[in-house]
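Residue numbers for the sequence shown follow full-length UniProt numbering, beginning at 1 and rising by one.
These are calculated hints, taken from the structure and not from any lab test.
Where a beta carbon is used, it is the ideal one built from N, C-alpha and C, also for glycine.
Any given hint might turn out to be false.
Across the chosen pairs, the derived CB separations fall in these ranges [as the list claims (entries may be wrong)]:
{"hint": "1", "residue 1": "Glu129", "residue 2": "Met70", "range": "44 to 50 Å"}
{"hint": "2", "residue 1": "Val39", "residue 2": "Glu105", "range": "55 to 61 Å"}
{"hint": "3", "residue 1": "Asp295", "residue 2": "Thr238", "range": "17 to 23 Å"}
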Amino acid sequence: MTLFWRIFLLNAAVLISATVLVLLGPVTVSTPVLLTESVIVLAGLVAVLVTNAVLLRVGLAPMDRLTRAMITTDLLRPGPRPTVSGHGGIADLIRTFNAMLDRLEAERGESAARALSAQEDERRRIAQELHDEVGQTLTAVLLELKRVADHAQPPVRDELRQVQEITRGSLDEIRRIARRLRPGVLAELGLTSALKALAAEMSGHNGLTVRRRFDKDLPGLGEDAELVVYRVAQESLTNTARHAGATTVELSLTRSENGVELRISDDGRGLGDAREGAGVRGMRERALLIGAELDLGTRPGGGTAVRLRIPLHGKGN
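Given these sequences and hints, build the entire structure.
What follows is the structure, encoded as structure tokens:
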């Protein structure tokens with residue numbers, strides 16, 4: 001039975017019942033209307049309206065739940081589906097909505113996977129070009145500067161030494177950028193070593209102290225999951241260094257009941273009312289790709305806390 005017919009029959013039942021009571025009941029209406037008759041008629045009208053409202057409220061309650069689900073649904077934060085309840089068109093509508101959410105989440109996951117894969121490929125390409133092209137060019141410049149400085153007069157030699165230091169600093173910065181774009185240590189030495197290198201790199205940045213803790217004998221997560229963990233840690237530490245105004249950040253990778261848990265917490269100013277930017281949305285998309293759960297919040301005592309829970313049998317394993 002469609003929603004139209006359910007509402008129509010509910011109203012019809014109420015009106016028919018009221019009509020039967022008027023026709024068969026002892027109530028009559030005089031001309032002019034007496035006060036007692038007016039009270040009885042008004043009481044009957046109120047009873048009809050209340051009965052109609054209660055029946056409609058019960059019948060349309062699943063629609064209210066579906067409306068709330070439509071308002072609060074976030075594809076980056078999957079939650080439980082609305083319970084299929086009600087009759088006729090309402091149950092079909094909820095079932096169709098749940099199927100639509102499944103399809104949208106699947107399509108978003110596939111598109112996000114392609115986009116992130118393309119992003120990683122582009123990062124690898126840029127890192128390779130920085131290392132092979134720019135890095136080698138600057139290395140050649142350094143060697144040439146050294147050759148010229150060795151044969152230059154003392155005043156010019158000092159200036160050339162300064163240029164050498166500037167060039168060497170630029171070369172170190174390019175190598176650092178290349179490492180951030182393509183974490184070679186992740187593929188060569190594993191996740192724990194990559195996180196230790198990342199923590200060491202971030203230590204001292206803007207007076208930031210990184211405290212780290214890693215459980216021994218962590219289970220293998222798979223290449224995709226390890227890359228997600230590394231990128232989430234990298235994005236979190238970068239945000240802390242740039243925006244949090246923190247002095248200390250704690251980085252930990254520990255075994256949990258159902259998998260592995262990554263935690264990054266700082267003593268900075270916290271999230272406040274700031275909206276989630278592209279970096280945080282990217283972290284959520286990466287977490288969804290491996291079936292992980294990402295939580296961002298304020299830690300006790302102030303500061304920001306990021307927690308990534310990776311199941312041992314997630315999508316990326």
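Hints versus structure:
Evaluation of the 44 to 50 Å hint for Glu129 and Met70 yields a pass: the beta carbon distance comes to about 46 Å. A beta carbon spacing of about 58 Å between Val39 and Glu105 agrees with the range 55 to 61 Å that was offered as a hint. A beta carbon spacing of about 19 Å between Asp295 and Thr238 agrees with the range 17 to 23 Å that was offered as a hint.
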